[in-house]
Amino acid sequence: MRHEAFDLLIVGSGAAGLVAAVRGATQGARVLVVEKGALWGGTSATSGGGIWIPGSNLAAAAGHPDDPESAFAYIRALTADNVTDDQIRGFVDGAPRMLDWIGRAIGIGYVPLPYPDYYPEVAGARTGYRTHLPTDYHASRMRRAAFDTMQRASPAASLWGRINWNFAETNVVLFRPKGWAKILMKVMASYWLDFPQRLRSPRDRRLTLGTALLGQLRTALDDAGGQLWLDTRLSSLTMAGGRVTGAVVEQSGEPVQISARRGVILAAGGFERNRARRAAHLRSDADPAASGSQVNNTGDMLDIAGAVGAATRNLDAAWWAPVLRIPGEERARLSTIERALPHSLVVNQAGLRYVNEALAYHRFGEAMATSSVAGAGTEPSWIVFDSTYRARYPMGPILPGVPDALLPRAARETLRKGATIAALAGRIGVPAGALSATVARFNDFARRGKDEDFHRGDADYDRLYGDPRHAPNPTLGTIEKGPFYAMPLYLGDIGTSGGLVTDERAHVLRADDTPIAGLYAVGNCAGSVMGYSYPGAGATLGPGMTFGYLAAMDALGINDDNA
Numbered sequence: 018m019r020h021e022a023f024d025l026l027i028v029g030s031g032a033a034g035l036v037a038a039v040r041g042a043t044q045g046a047r048v049l050v051v052e053k054g055a056l057w058g059g060t061s062a063t064s065g066g067g068i069w070i071p072g073s074n075l076a077a078a079a080g081h082p083d084d085p086e087s088a089f090a091y092i093r094a095l096t097a098d099n100v101t102d103d104q105i106r107g108f109v110d111g112a113p114r115m116l117d118w119i120g121r122a123i124g125i126g127y128v129p130l131p132y133p134d135y136y137p138e139v140a141g142a143r144t145g146y147r148t149h150l151p152t153d154y155h156a157s158r159m160r161r162a163a164f165d166t167m168q169r170a171s172p173a174a175s176l177w178g179r180i181n182w183n184f185a186e187t188n189v190v191l192f193r194p195k196g197w198a199k200i201l202m203k204v205m206a207s208y209w210l211d212f213p214q215r216l217r218s219p220r221d222r223r224l225t226l227g228t229a230l231l232g233q234l235r236t237a238l239d240d241a242g243g244q245l246w247l248d249t250r251l252s253s254l255t256m257a258g259g260r261v262t263g264a265v266v267e268q269s270g271e272p273v274q275i276s277a278r279r280g281v282i283l284a285a286g287g288f289e290r291n292r293a294r295r296a297a298h299l300r301s302d303a304d305p306a307a308s309g310s311q312v313n314n315t316g317d318m319l320d321i322a323g324a325v326g327a328a329t330r331n332l333d334a335a336w337w338a339p340v341l342r343i344p345g346e347e348r349a350r351l352s353t354i355e356r357a358l359p360h361s362l363v364v365n366q367a368g369l370r371y372v373n374e375a376l377a378y379h380r381f382g383e384a385m386a387t388s389s390v391a392g393a394g395t396e397p398s399w400i401v402f403d404s405t406y407r408a409r410y411p412m413g414p415i416l417p418g419v420p421d422a423l424l425p426r427a428a429r430e431t432l433r434k435g436a437t438i439a440a441l442a443g444r445i446g447v448p449a450g451a452l453s454a455t456v457a458r459f460n461d462f463a464r465r466g467k468d469e470d471f472h473r474g475d476a477d478y479d480r481l482y483g484d485p486r487h488a489p490n491p492t493l494g495t496i497e498k499g500p501f502y503a504m505p506l507y508l509g510d511i512g513t514s515g516g517l518v519t520d521e522r523a524h525v526l527r528a529d530d531t532p533i534a535g536l537y538a539v540g541n542c543a544g545s546v547m548g549y550s551y552p553g554a555g556a557t558l559g560p561g562m563t564f565g566y567l568a569a570m571d572a573l574g575i576n577d578d579n580a
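For the sequence shown, the working numbering begins at 18 and goes up steadily by one.
None of these hints come from the bench; they were simulated from the model. Please note that a few of the clues may not be correct.
Unchecked claim - Listed next, the in silico DSSO-like pairs over lysine-lysine satisfying Cα-Cα at most 30 Å (straight line): (1) 434 <-> 498; (2) 434 <-> 199; (3) 467 <-> 498; (4) 498 <-> 195; (5) 434 <-> 467.
Unchecked claim - What follows is a set of in silico ranges between Cβ atoms, one per label pair, in the way DEER data are often shown: (6) 99 <-> 195: 49 to 57 Å; (7) 219 <-> 528: 45 to 53 Å; (8) 55 <-> 78: 38 to 46 Å; (9) 576 <-> 326: 25 to 33 Å.
All values reported here derive from a predicted model rather than from experimental measurement. Quick reminder that beta carbons are idealized off the backbone N, C-alpha and C, glycines included.
Make a model of the complete structure from these sequences and hints.
What follows is the structure in structure tokens.
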């Protein structure tokens, strides 16, 4: 068997793993990242790239200082009882340090946003500036092989599945304020005028959102001399004297013994793509294709770390979300903006509303799970909209301005249409009388701008994705112009959030809370510091990157953030 020696072995190439790898490599450590798939970047590359970082210097510099104690209280109120105070404080203390470091040492730009926390009713919540988004990055700065093997952006994060854009550009095109056409033309020109790339591939080299973050992390890793192996699966961990000393991996079918002098950091995602594990642990054992994560997240780390004594927690937890499932796409599409736009509502299989449609996606997913009862199931639910919506706004892959007959076949297969509400009810299998009454009641709320049943549009977060041109409530509009449409909404996820038990430095723990020396876990293969909750946008990547940073520092004995 071939043998290779490194200081740090990182399993998984998403944001959490690459932050750990770059932290080690820039310190002079010999670092190896192994990735099971043929593409690197994990689900992080297909995400929005946002990170939830309380107490950042960037927010303070923008005039919005944060109190670490309020952040601690907010997380403590939301997370699970089996998450320790020390772990929460480890995140709250480490998150702004990690953000400062990636800006200073790597040059990754992040911008704090006026993006509200998801639970405004909980003490310690803020109306903005804990969520941070990465600045754009051009892949011409990357090595060609790294760019070619990077996970592709989500189709929902690009125009026509090809031209990348950021959230600001999306909103401009969606709501079309003065000057919107010029901004759209600039985005398209950036794509079409990149002649060297257009002659080679339809992929856009202007990276945004998750791809911008991962592109910068990969460039930093390459520049620091770190290695990344693709098609390399972790088979087992090796131990000596009670300490993890390395691993056996399988690289393109060949076993390789890896020694890791300073430690092994597991960062390989959750188990949401494993049908058997879903059935055993999750409250929804839906087809793994209902997940929006990348397809290699099958939970291998649970068995491999378990073999050396690792404990697990909260395996019934996931980052829940309503999703659109489009035939031919290997990942479900997260539904965020669509549900908050006017002239739409969501009903269960009895034709009744059951939730504020504009809720953050994790909270909406929780409502789907808890509201489903016999005769009024929510799997699937239906998002119903009229021709006014159809003409103005997108619905997943269905773009406004494209005639129904010219929609892609997969979109046509998913879309339901009826000349009347009653006819639409027949197409989606819900009682016509109930759906008609639901729409009539909703229309009355929309005309008055006040949702008396579920308070849609009352909270700051609700209005975030509403149409600012629409008064008096940017999320409410009547559903009265035929023909009428519906799309099925499924209970999906963007990953599982339960996993290996870790402490405030990301050490993997045994059932008796003692650490397994030399072994760390970060990202979705570890039980999240957030427990069952999702406090704000970026509450997956923020803690993952923070604990990746802390794990590398601990493994290498680094005590100075400036080192």
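Here is what the structure says about each hint:
1. 434 <-> 498: Holds - the C-alpha atoms of residue 498 and residue 434 are around 13 Å apart, at most 30 Å.
2. 434 <-> 199: Violated, at roughly 34 Å.
3. 467 <-> 498: holds (20 Å)
4. 498 <-> 195: Roughly 27 Å between the alpha carbons, so the hint for residue 498 and residue 195 holds.
5. 434 <-> 467: holds (28 Å)
6. 99 <-> 195: 49 to 57 Å: holds (52 Å)
7. 219 <-> 528: 45 to 53 Å: holds (51 Å)
8. 55 <-> 78: 38 to 46 Å: At roughly 41 Å between Cβ atoms, residue 78 and residue 55 fall inside 38 to 46 Å, so the hint holds.
9. 576 <-> 326: 25 to 33 Å: holds (28 Å)
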